[in-house]
Amino acid sequence: MLLIAFSSKAQSPNTNADKPKLVVGIVVDQMRYDYLNKFWDKYEEGGFKRIIQNGFNFKNNHYNYAPTYTGPGHTSVWTGTSPMNHGIIGNDWFDKFTGEMVYCAQDDNVASVGTTTNAGKMSPNRMQTTTLTDQNRLHTQFRGKTIGVSIKDRGAILPAGHTANAAYWYSGGNDGKFISSTYYMEELPKWVQKFNKSGKADSYLKEWNTLYDIETYTESGVDENTFEGGFRGKETATFPYDIKKLSKENGNYSIIPQTPFGDDITLDFALAAIEAEELGQDEDTDILALSFSSTDKVGHNFGVNSKEVEDTYLRLDKNLSDLLTYLDKNVGEGEYTIFLTADHAGGHVGGYLNSVKIPTGNLDYGKLKKEFTDFANQQFGEGLIKNVSNDQIFLDYEFMANEDLNPADVETKIEHFLIQQPGVYKVYTRTELQSNNFSNGIGYLIQNGFNQKRSGDIMIVEHPGSGYGRGSTHGSVFNYDTHTPLLFFGARVPHGETFERSEIVDIAPTMAALLGIEYPNGTSGKPLAIMLDKASE
Numbered sequence: 001m002l003l004i005a006f007s008s009k010a011q012s013p014n015t016n017a018d019k020p021k022l023v024v025g026i027v028v029d030q031m032r033y034d035y036l037n038k039f040w041d042k043y044e045e046g047g048f049k050r051i052i053q054n055g056f057n058f059k060n061n062h063y064n065y066a067p068t069y070t071g072p073g074h075t076s077v078w079t080g081t082s083p084m085n086h087g088i089i090g091n092d093w094f095d096k097f098t099g100e101m102v103y104c105a106q107d108d109n110v111a112s113v114g115t116t117t118n119a120g121k122m123s124p125n126r127m128q129t130t131t132l133t134d135q136n137r138l139h140t141q142f143r144g145k146t147i148g149v150s151i152k153d154r155g156a157i158l159p160a161g162h163t164a165n166a167a168y169w170y171s172g173g174n175d176g177k178f179i180s181s182t183y184y185m186e187e188l189p190k191w192v193q194k195f196n197k198s199g200k201a202d203s204y205l206k207e208w209n210t211l212y213d214i215e216t217y218t219e220s221g222v223d224e225n226t227f228e229g230g231f232r233g234k235e236t237a238t239f240p241y242d243i244k245k246l247s248k249e250n251g252n253y254s255i256i257p258q259t260p261f262g263d264d265i266t267l268d269f270a271l272a273a274i275e276a277e278e279l280g281q282d283e284d285t286d287i288l289a290l291s292f293s294s295t296d297k298v299g300h301n302f303g304v305n306s307k308e309v310e311d312t313y314l315r316l317d318k319n320l321s322d323l324l325t326y327l328d329k330n331v332g333e334g335e336y337t338i339f340l341t342a343d344h345a346g347g348h349v350g351g352y353l354n355s356v357k358i359p360t361g362n363l364d365y366g367k368l369k370k371e372f373t374d375f376a377n378q379q380f381g382e383g384l385i386k387n388v389s390n391d392q393i394f395l396d397y398e399f400m401a402n403e404d405l406n407p408a409d410v411e412t413k414i415e416h417f418l419i420q421q422p423g424v425y426k427v428y429t430r431t432e433l434q435s436n437n438f439s440n441g442i443g444y445l446i447q448n449g450f451n452q453k454r455s456g457d458i459m460i461v462e463h464p465g466s467g468y469g470r471g472s473t474h475g476s477v478f479n480y481d482t483h484t485p486l487l488f489f490g491a492r493v494p495h496g497e498t499f500e501r502s503e504i505v506d507i508a509p510t511m512a513a514l515l516g517i518e519y520p521n522g523t524s525g526k527p528l529a530i531m532l533d534k535a536s537e
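Under my numbering, the letters of the sequence shown match residues 1 to 537, in that order.
Hints should not be assumed to be uniformly reliable.
Heads up, simulated DMTMM-like pairs for lysine to aspartate or glutamate below, C-alpha to C-alpha not over 20 angstroms straight-line [what the hints assert, rightly or not]:
(1) Lys42 - Asp18
(2) Lys318 - Asp34
(3) Lys318 - Asp268
(4) Lys49 - Glu333
(5) Lys197 - Asp213
(6) Lys121 - Asp92
(7) Lys248 - Glu333
(8) Lys190 - Asp213
(9) Lys234 - Glu219
(10) Lys329 - Glu45
(11) Lys197 - Asp92
(12) Lys206 - Glu219
(13) Lys369 - Glu415
Because the hints were derived from the structure by calculation, they are not lab data.
With these hints in hand, go ahead and build the complete structure from the sequences.
Put into structure tokens, the structure is as follows:
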């Protein structure tokens, strides 16, 4: 008979004593890596500087797919894989089976909680793989909690996963409060109700002026220029902004997320969640999925070179400092782990680049769509094109079958037409993406963003530098959209830095390895051994 002796002294490689009590995953919407260097001298000691000087900095971190949008970005961070596998191919996309546009967090089978609007009819139902948060819940027999918090619904819901205790997001308009859906609960907890009644939203309807003397903001362009959007009711996009006065013409409480005060109220709510839900207070690791979204909204409105963006990041730095101080006191220094990244970066305003003689080749999407449709109708007959959206063309396979058209031949002819058009940089077809294995370059990124079931049949890559005349945008395959920060800090994180390439899909398996839990089920990234090996020394 085989006898097995179990030693009471033997321990698993990752005991509860080794694990952080709380993981805070921070996603900063539209943050470029160079903001760390650009604004470094103005950051205070307790925020970005503390994280970098005591944590691990991956300086060459990139998204490994396109399109680089918010929904796919948050999902890829937390699932450890790209849209190829997790299925969130955009913020919204054309559903070829229903013939309708769908939203990444849309769920008509649930109801709003905390609002009478439809802003709460959301869930992670369209996400096809598990997340780091899901795996932690499974590993701890659901004792470890997960809470998602963001201004944006998709920024709270997708990172929190399928098994979250709760996800909360902000409803503007006449609400000015955080809400949820019946996917998670039937009514808001009392602490959320109390927060919503506290007057926090009203307190941020105030003047937005620069945190420091605007003359010291030498890392950004002039305050008054022709490349910014601004707010309705104010002739120029210049400081200061009377947010309370401007709110009347800018969506009432919806104006708050358009300013750095949106990040302030997000942090206020996150700290309230940590306290009320007692996150990080027992042996089972809890996870707070925290997304700061106002950085994106300010970037879209004013552009990456604006005084407004600089001020927003200096204020975010103070938010991070406040968060770390709170965690030190309430969870314990050395008892929590943070990772910080972005869901995508962002490019300079197209109009600004043109003004300094940098080519952009901006694509006139409306004109291209018309000329392409005319071409397709002449070549193949009306009815071939089902939809054109998100730089993708969806073909009607029933039409091609009825007309005895070979899909690969149709794709090739359309590809040849499109590549000749102004503003079009490259074109990829479904046949090319399904029959080749791209290991680098633009093809690699397009292929990782291509979901066989949900994506279109022809992918258009716009010219480098493409953008609008006012405000920044994102979504491209190029470095200005793919290069984002990746910082780790806290328990079991050594100090260091590297220029070795890391990819956004590496975050979830790295954190899973650190926690000693199973990787998310669709993981295609790898644990970042350069940090983990150093941590185990």
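Hints, one by one, checked against the model:
1. Lys42 - Asp18: violated (35 angstroms)
2. Lys318 - Asp34: holds (18 angstroms)
3. Lys318 - Asp268: holds (13 angstroms)
4. Lys49 - Glu333: OK: Lys49 and Glu333 at ~17 angstroms, within 20 angstroms.
5. Lys197 - Asp213: Measuring from Cα to Cα gives roughly 34 angstroms; hence the hint is violated.
6. Lys121 - Asp92: At roughly 15 angstroms apart (the allowed maximum being 20 angstroms), Asp92 and Lys121 satisfy the hint.
7. Lys248 - Glu333: Status violated; Cα separation ~44 angstroms.
8. Lys190 - Asp213: violated (41 angstroms)
9. Lys234 - Glu219: violated (25 angstroms)
10. Lys329 - Glu45: Holds. Lys329 to Glu45 sits at ~17 angstroms (cutoff 20 angstroms).
11. Lys197 - Asp92: violated (32 angstroms)
12. Lys206 - Glu219: With a Cα-Cα distance of about 26 angstroms, the restraint between Lys206 and Glu219 is violated, given a limit of 20 angstroms.
13. Lys369 - Glu415: Judged against 20 angstroms, a Cα distance of about 13 angstroms means the pair holds.
In terms of the numbered hints stated before, the structure departs from hints 1, 5, 7, 8, 9, 11 and 12, listed from lowest to highest.
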